[in-house]
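Throw the hints in and build the complete structure from the sequences for me.
So the protein sequences, as listed, match chains D, U and F. Under this note's numbering, the first residue of the first sequence carries the number 1, and numbering increases by one thereafter. Under this note's numbering, the first residue of the second sequence carries the number 1001, and numbering increases by one thereafter. Under this note's numbering, the first residue of the third sequence carries the number 2001, and numbering increases by one thereafter.
List time: in silico SDA-like cross-link candidates among lysine to any residue, alpha-carbon distance up to 20 Å:
#1 D/Lys131 / D/His189
#2 D/Lys262 / D/Glu302
#3 D/Lys208 / D/Val225
#4 U/Lys1346 / D/Met405
#5 U/Lys1353 / D/Cys396
#6 D/Lys111 / F/Val2171
#7 D/Lys191 / D/Arg161
#8 U/Lys1057 / U/Ala1313
#9 U/Lys1141 / F/Leu2295
#10 U/Lys1238 / D/Phe308
#11 F/Lys2308 / D/Ile145
#12 D/Lys113 / F/Leu2172
#13 U/Lys1342 / F/Lys2090
#14 F/Lys2305 / D/Arg143
#15 U/Lys1238 / D/Ala374
#16 D/Lys286 / D/Glu319
Simulated from the structure, these hints should not be mistaken for lab results.
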Amino acid sequence: MPDNEYVVQMKGITKVYPNGIAANQGVDFNVKKGEIHALMGENGAGKSTLMKMLFGLEQPTDGEIFINGEKVNLTSPTVAISKGIGMVHQHFMLVPNLTVAENIVLGMEPKSKGFIDFKKAKQITEEYGKKYNLYVDPDAKVRDIPVGMKQKVEILKALVRGAQILILDEPTAVLTTQETDELFKELIHLKNQGHTMIFISHKLDEIKQITDRLTIMRAGKSMGVHETAGISKEEISRLMVGRDVVLTVQKEKAQPTDTVLKVRNLEYTNEWNKKMLDNISFDVRKGEILGIAGVEGNGQRELVDMLFNLNIPDSGTAEVNGKSIIGRPQREIRDMGVSLIPEDRMTYGIAGSATIEENLMSDRIANKKYNKGALFNTQAMHDDSDQLIKDYKVLCKTRNQQVGMLSGGNIQKVVVAREFSCNPGFIIADQPTRGIDVGATEFIRKKLVELSREGAAVLLVSADLNEVMELSDSLIVMVNGKIAAYFEDTSMLNDTIMGEYMLGIKQQSDEEVRRVIHE
Amino acid sequence: MNKNNLKGFEFFRGLVAILIAIAVAFIFIFICADDPAQALSCLLIKPIISNGALNVKSILTILGRTTPTIFTGLAVCVMFSADQFNLGGEGVTMLGGFIAVLLGIYLPMAAGVHAAVAIIISAIAGGAVMLIPALVKVKLKSSEMVTSLMLNYIILYVVLHFLNNTFADRTKGSTQTYEFLETAKVGTVVQGTELTYGFFIALIATVIIAIFMYRTRWGYAIRMIGINGQFAQYSGLKVGAIIIASQIIGGVLSGMGGAIECLGRYTTFRWLELPGYGWTGVTVAILAKNNPIFVPLAALFIAYLNRGCELMAIYAGVPAEMLDIIQAIIFLFFAAEQFLSKTRQKLVVKEAKQEISAKADVKGENA
Amino acid sequence: MLNQLTSMIFTTSFGYSVIRITAPILFAALASVVAEKAGVVNIGLEGIMMFSSLFGVLFAYWTNSWLVGVIGALVIGAIFGLIIGVFALKLKTNIVLAGTAINIAGSGGTIFLLYMFTGLRGNTANLTTPQMLIPRINIPLIKSIPVIGPIFSGHSVLTYIAFILVAVVWVLLYKTPLGLRIRAVGENPNAADSVGVSVLKTQYIAIMLSGALAGLGGAFMSMYYSQSWNTGITAGRGFIAMAAQAMGQCEPVGTMLSSLLFGFASALGNKMEGLPGFSSYLVASIPYIVTVVGLAIYAVTQLKKARKRG
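Now the structure itself:
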């Protein structure tokens, strides 16, 4: 029997996607009225999916949802809003050239004789702003206001539509420390007004600071609900960061030699004034796989972008074999022996409607081997493409198939086939096995180790704990744009240690971290 | 979906589009014509068959008419393949024709060489002019479409200015230049038809461009950039330079087309407005699905319809301009991705099911 | 030479003709603004103007009323806007291509349709009667003011409507719920969607409004400017309108100003025809050159701004 104490009850929620991936398995999630409840978990743990279902953006494959004791079918955000649920998205849903007031009343504009009643809109904005201590300038254009105020506008949008239950998706990801403090004050104020909040985050300090209870999710399952005050950070870490199955990778011990990649003092502050890279310095050597572990959003994305000229740092250097790669055209970076397996394979890794062969050859079409004067040496291309398809076990009918039609795993194998076969001296692998089948995953990991032992330097960025712990020889942990730890030998690590460093509970000294520089 | 099945489906879709257009045309004919049956036969049959026999002259004229639109069609293919909506073919064609005729008048040379030189210089001029929208797109990140559309009118008025004020033959009744020298003429293949040697140059150009797009690294780069610019950059291709190159090539081809048309079909330069080949080139490229090899076929189809409408106007009194409506309908349906998408979905599912059962059969045999 | 120029420009008749010439461009340019604001680019302005100019005359002829003609042109314009919308939004035709198809259909299709409906070839000069033309208005009081009077009074009803529409479009976009949603959908459809605004519905409305505005421009041409319909009546105004919108930074007032610029250049060209030392053709090309230069300058300033931010 549903309790009156609970505003939100999600029972036995299961969500299986068409491609077979089970994002949520039998999850129970209950939120009491008037509490701030944290929903925690690493990326891929299933917390975003769960909340999407609460906001009507997705429908559960199985399970029931009760709001205030009433069973509901949340088929769309409009329905969710009508039940008093509001969502503050991580990436703001605001229209930059409209004013704050206009953004807030969009879709429910107050009217007077057919025209927008701007006075009323401003009044509503100010009223709600005052009531909830969310001070915003109704007349300012959204493109001109700071990030902190943008978030307030998003919260007001939800409140103005009658939200009693607010879902906040990683709200502090884009805020500075100061703005975070302000946000927390606002949330407490909202709580005092009787609102209920679900706070999605993985930042232990913040959760300890502001939440009443917390639910931890891992690998699509709930690891239970706890009173925030009654659980230690270490315990949270143990529940959040851990592997149900440990996948060991067979590999010989690494014998790294010369340094290939030298990164020194990289600094980068993003467009929202958040420091994403804070004095990053490390080396990667021939014959070793250096992993970068850490919860996503701590600067890993930005770091990889800097190494392949998808972005430029504010200061600092990055050199491959003595030559700088910052700001260099990708052609030159590739000629220096650098390869990248991009995280976003559909945007960067492939041209979907082109053939497999065309995708395999994209980085080497100017090679003498494939050109007889002005024309392609099509036979050489065909032969090499077929060979790559065979070597990398790409499941397809012919090399002429559209690459976008292949399964995710096979698409990634095409990307990997290309990036590994150009004799790279330095490989950057960013989430190389995300969202692909077991067979392809195993294959790619084996290949990575093979190349490493043959002498390539590998930088592996992965949010998959198994991957980053088992595949890497050594690893660094990134937290808040800094290197929090360097572990020379990953075989000495366990989940508990990893969790503590990844979640910022522990941090190595500067000296210990400096050991990742091998000069 | 399997590439062959995909091609087959696309062909089917194209056919349906054409049938829809002809059905609409038929409705119009039925309303307008005194004798709908005769009008329809004019449209569809008369272009090649008259009085029960094959009308060779008509066929050759149709072929001759494809010449300028093959060039503009190729130009659009190249530019659209790079995802550049450059519509400047209209103006550049006119410019190419004008420069070629002027060179034919004022730069005497030996026979044969004269025409070749005039055509080449016009082509180069065409390419140079297309630098404007290209640079605006790449360096200033501004729309090449608006710039190229404006360019059409700038060229039009500049040419008209020089035509009227500097190069006009005042002895003639209508505005035109002097006659260009015989040495610059692109000869007619068969007297009495509109088929000139320019047609064969167009076919050669088709082969060259087809090879360029599918068998060279520059054509490959153009196509990859058109499919996914970020992928192209990440793979190390020089995106900016290639975008510029694609538009220059478009200019060269359009200029060449205009030059060959003027030196072939006319004796003076007498275009007083934009000739319209640029727009037809867009239709041709759409029909050819941006594949150069299909351009002559698409151009032939349009020229056939063109002739059909012409005959319909002469013999059945239905205005030839119905061609534009037919063109537009075919165009719209051809370019509609979701047209018949449900049918395509069914085919994909059917194919998948067939594969699964085929594999099961194999397993069953092995078991 | 300069004296000749100035003596030509500073006449009231010149001012009058500038306004007269600007009006049709303004209709189409406003059409472009509304569509662009919603994120659905309307390239087919030229074609829509061709069709609506023809149908305006036809409707007026059949009902012997210029008002019906104008309304008919407006409706036809909206219908073609809808056609572009269906192909672009539902059938996923590239919207630039959809507009281009309408343009291609417009140039010849109108000649054909004229024949189909009336048996006439090429123009409707034989059809037009005074009741079919848009009447002029001599505004009392204003018409008596020296200088201002002759310039601003005596224009057709539709001329005044064109300029009034600048305000109407501005009010629509910035003061009504529909306008707010149009701007939201055009700038961030996800944001609009997240608050329950139907992106598709809004875009359909916008493109139909755009078509209707272009339709009025067409009506202006055939029922007032040229006093009848003939092939090529629009003469590229649909494209000039696109440029005017771009130069006006997609804002109603800015678009009005750039449309006036084109009107000015065009009127100047007309006056200079036949005068020694001036080529009317080169003058005619000035608006287009100005657009390219203007767009380039605008782009450069945008780039500089972005560099400062980053």
